[in-house]
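Peer 1: Sequence:
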Amino acid sequence: MAVTPRPDATETFDEESEDAPDISVCESTPGTSVFTEAGNSDGWIATDFVVEPWE
2 MAVTPRPDAT
12 ETFDEESEDA
22 PDISVCESTP
32 GTSVFTEAGN
42 SDGWIATDFV
52 VEPWE
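With the numbering used here, the residue at position 53 of the sequence shown is 54, and numbering never jumps.
Please keep in mind that the hints were generated in silico from the structure rather than gathered at the bench. C-beta: ideal position from N, C-alpha, C; glycine also. Do not rely on the hints blindly, as some may be mistaken.
Label-pair ranges, simulated between beta-carbon atoms [stated by the list, open to error]: (1) 43 x 21: 17 to 23 Å; (2) 49 x 20: 27 to 33 Å; (3) 34 x 55: 16 to 22 Å; (4) 30 x 56: 28 to 34 Å; (5) 21 x 52: 15 to 21 Å.
Starting from the given sequences, assemble the full structure and let the hints guide the process.
Peer 2: Given below as structure tokens:
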């Protein structure tokens, strides 16, 4: 399946910017992380593999 990136997929946020989304992460079970966005109870991402971002 071909994937076309969204036009805004390269958008970056300054960590101190008011526009940056407020993201929280919790461990639902050992080894499974769940990411949620503040104010968005319908959207979440669960994963068994999380890596640190490059700086």
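Peer 1: State for each hint whether it applies.
Peer 2: Right, here's what the structure says about each hint:
no., hint, in the structure
1, 43 x 21: 17 to 23 Å, "holds (20 Å)"
2, 49 x 20: 27 to 33 Å, "holds (30 Å)"
3, 34 x 55: 16 to 22 Å, "holds (18 Å)"
4, 30 x 56: 28 to 34 Å, "holds (29 Å)"
5, 21 x 52: 15 to 21 Å, "holds (20 Å)"
Of the hints listed earlier, there is not a single one the structure fails to meet.
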